[in-house]
Structures are given as C-alpha cells and as structure tokens.
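S.K.: The chain contents come next:
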Amino acid sequence: NAGVTQTPKFQVLKTGQSMTLQCAQDMNHNSMYWYRQDPGMGLRLIYYSASEGTTDKGEVPNGYNVSRLNKREFSLRLESAAPSQTSVYFCASSYRGETQYFGPGTRLLVL
Amino acid sequence: RKEVEQDPGPFNVPEGATVAFNCTYSNSASQSFFWYRQDCRKEPKLLMSVYSSGNEDGRFTAQLNRASQYISLLIRDSKLSDSATYLCVVSLGGGYQKVTFGTGTKLQVIP
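Going line by line, the protein sequences match chains A and B.
Take 1 as the starting number for the first sequence in this note's numbering and just add one per residue.
Take 1 as the starting number for the second sequence in this note's numbering and just add one per residue.
Next comes chain B alone, as it looks inside the complex (with noise of 0.2 Å):
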C-alpha cells in the first residue's frame, strides 16, 4: 500500500463548480497534512496546511480524519485559475524530516 494515495483524476468539471478530491495515508502516527498545488511543468506551492478542526481559506477547505486516516479538499465556485494538480502531502512531524508526497490529483476547469 503507498503512504499516500490519491485518486490521480483527471477531474474535469464546468466553471462555478465544487469539488473535492480525497487523500488516504497509511502511517497513523502522521502529525502535519498539507496541500499544494502544482501548474503544468511548474514547481509545487503550498496552497493549505491542513488542521485536525479543519480550515477554510476562501474557497478551499480542508478537512482531515485522523480515524479513517484521510485528508479532503474542497475547491468552491471554482475558476479557470484552479485548474492544476493538487498534491497532498503528509508528514510524520515531530521534527522528523520525512515529508511524503501523493501523486496528485489532476484538477481541469472548463468554461
């Protein structure tokens, strides 16, 4: 099983949508969940740390279940500009500096 799963879409969906893409991790002990979102042939960028209450910036929300040991996220109202691969990242914290990437999920909007 991979440390971290993603279902690798492609997610095509129309302008003013929401969607949500969903991320599993295996390692129960993993303290600090992230999203980034990387634009064709660019380098990845944090969009959002995840936190266990959940967090909402803008239109993205982030949730994470640490019983089922998976991690959402939820585009609103989504724009031509969201359009990219949106890669959830988990980490065993504690200052160990091991970071795992998924794969990604790749995100189209279309007009």
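The shape of chain A in the complex, shown without the other chains (with noise of 0.2 Å):
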C-alpha cells in the first residue's frame, strides 16, 4: 500500500513554461486535494475533487487548473508558471473529506 503518491519531487521551471504534478493514492478515497505551502502562510487549498467526475476551486486556484483522470488519480498543471508559484505542493486524499493523507510533496521553483 503506497498510500499518496507524487511525481516528481523536485522542479525547476523558467517563467512561462507548462508543467503537470501529478498525484495518485491506492486507498479507494472519494476525495482528493491540491495544496500549496508557502513560508508563514501554512497549507492553502488549490482545487479539490469531491469524487470522480467532480473538481472545485478552493482558495487560491488563479493559474492552476486539475483533472480528476479517474478515482485514483488527480493531477495539477500550471499553464505559465510565474515566480509566485515558487512552493511545495501537496496532494492529498480522504474518504469523507475529514481525515486527509497527503503524498511526500513536489517542489518547485520557478525562475
């Protein structure tokens, strides 16, 4: 059981380029999340998915689009990274939407 997975760990992306995060998780949960952690800000709510089929805004989605390819998996892709989405990101999964566990992080810095 490897819970939540991500890919990949680390990025470093030049101002303007596209990339996609992906995350998967094994345990049958419904519901799946993107967040960002910046310094002194704590955990911020990208999107999340309530089930398959299903995406939502959360707090900060500007610049940040997902899809919900299937139960298990929910991927995050920046269009046209800017410096301000310098963070780390993580994927998270839960049943209810209460008790979430989250994947190891992506890394990313943008130039």
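Because the hints were derived from the structure by calculation, they are not lab data.
Computed from a predicted structure; not experimentally measured.
You may find that some hints are simply not true.
As the list claims (entries may be wrong) - Cut-off 16 Å, straight-line C-alpha distance, at most; resulting in silico cross-link-like pairs (EDC-like, lysine to aspartate or glutamate): (1) K106(B) x E5(B); (2) K106(B) x D39(B); (3) K2(B) x D26(A); (4) K79(B) x D57(B); (5) K79(B) x E15(B); (6) K98(B) x E3(B); (7) K79(B) x D39(B); (8) K106(B) x D38(A); (9) K98(B) x E59(A); (10) K14(A) x E59(A); (11) K98(B) x D26(A); (12) K106(B) x D82(B); (13) K71(A) x D38(A); (14) K42(B) x D38(A); (15) K45(B) x D82(B).
As the list claims (entries may be wrong) - Computed from the model, here is a short list of chain A residues facing chain B with C-beta under 7 Å: (16) G42; (17) F90; (18) F102.
No residue lacks a Cβ here, since even glycine has one placed at the ideal position from N, Cα and C.
Hints given; two lone chains; assemble the complex.
M.R.: Below, the structure written as structure tokens:
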C-alpha cells in the first residue's frame, strides 16, 4: 500500500513554462486535494475533487487547472508558471473529506 | 480574522517537560477538529482527532472548547522525537469538503 504518491519530487521551471504535477492514491478514497504550502501561510487549498468526475476551486485557484483522471489520479497543471508559484505542493486524499492523507510533496522553483 | 489561528512559536522545551498548544477557530459551525504533525520538509500526518469530551493518546491529550472556539494539545514527558510543527485543522463536516489548516506551532525539544 503506497498511500498517496506524487511526481516529480523536485522541479525547476522558467517563467512561462508549463508542467503537470501528478498524484495517485491507492486507498480507494473518494476525495482528493491539491494544496500549496508557503512559509508563514500554512497550507492553502488550490483545488479539490469531492468525487470522481467533479472538481471545485479552493482558496487559491488562479494560475492552476486540475483533472480528476479517474478515482485514483488527480493532476495539477500550471499552464504558464510564474515566480509566485514557487512553493511546495501537496496532494492529499480522504474518504469523506475529513482525515486527509498527504503525499510527500513536490518542491517547485520558478525562476 | 484568520479562520484558524495558532501561535507560531517556536516553543523550546527541555526533554521531559509538558507543553501545551492552543488553537482558535472563527466559524462556530465547525464540526470536526484535528491535530496534524509535520516534520521538517515532510508531509503533514494526522496525530489525533479532537472529540468534544476530550481524548488522550498516550502522552498526547486533546481538548475542545466549543463555547470559546478553541482546541488544545497537551504533550506530556516531551521526547526529542516530538520536535515538529503541529497543525490545528478544522472542518465544517457534514460531507462538506472544506478543511482549514492553521499555520502551525513549531516545537523544539532540547536535550
């Protein structure tokens, strides 16, 4: 049981480049989430998917898009990266939206 | 006012000490409460849920005060391995997916 996995672990982008962060869970959870974590700001919700086939905006969705590919996978796409998107990105999953299980994170640097 | 507020610390305590963290939340409709632990450069992990009657897990005790809208975490007999950031988490529950994380309180246990 791998839990929640994320790829890549680290990424450096130039301003304007695009990339997709991948997340998968093997716990048969209904809900999946993308957060970013910045110093002094705590975890902020970017997008979430309450169930397969649905996605909703969180607190800071601008500059991001998501795809809930199937029950297991939830990807986050940066279409045109900006330095303000330098952060640590965590994917999480849960059965009903409360206790959340996190992936190891992706550290993204945008130059 | 932030939805969930924590003293950022750091709390520097000697091994064996008892330390307590408080967290306040602004939404009186909040229904579920948790403490997560986050080690440096790692993902958050659930430490314990917080129940209305208070609950204990070994050296850790969590309390909820709905009237004053705060939760607390007490750690007895601190170990070096308790050094981490402790995140207060509040959920509206009822199937609603919104979970709000505090910015965390950093604990450093000193030999």
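S.K.: For the pair supplied as a hint, K106(B) and D38(A), confirm whether the alpha-carbon distance does not exceed 16 Å.
M.R.: With Cα atoms ~15 Å apart, K106(B) and D38(A) stay inside 16 Å; holds.
S.K.: What's the verdict on K45(B) and D82(B), does the C-alpha distance respect the 16 Å limit or exceed it?
M.R.: holds (13 Å)
S.K.: Given the proposed pairing of K79(B) with D57(B), does the C-alpha separation stay at or below 16 Å?
M.R.: holds (15 Å)
S.K.: Is K14(A) within 16 Å of E59(A), Cα to Cα?
M.R.: Given that 16 Å is the threshold and the Cα spacing comes to 25 Å, the pair is violated.
S.K.: Mind checking the CB of F90(A) against every CB in chain B and telling me if the closest is under 7 Å?
M.R.: holds (6 Å)
S.K.: Hey, K2(B) versus D26(A), does the alpha-carbon distance stay inside 16 Å?
M.R.: violated (34 Å)
S.K.: Sort out whether D39(B) lies within 16 Å of K106(B), counting only the CA atoms.
M.R.: holds (10 Å)
S.K.: Regarding the pair K98(B) and D26(A), is the alpha-carbon distance no greater than 16 Å?
M.R.: Between K98(B) and D26(A) the Cα gap is close to 22 Å, so the pair fails against 16 Å, i.e. violated.
S.K.: Between K106(B) and D82(B), does the CA-CA distance stay at or below 16 Å?
M.R.: holds (10 Å)
S.K.: Would you mind confirming whether the straight-line C-alpha gap from K98(B) to E3(B) stays at or under 16 Å?
M.R.: holds (12 Å)
S.K.: Straight-line Cα separation of K98(B) and E59(A) no greater than 16 Å?
M.R.: holds (10 Å)
S.K.: Please verify whether K79(B) and D39(B) have alpha carbons no more than 16 Å apart.
M.R.: Roughly 14 Å between the alpha carbons, so the hint for K79(B) and D39(B) holds.
Figure legend: structure checked against the earlier numbered hints; hints not met, in rising order: 3, 10, 11, 13.
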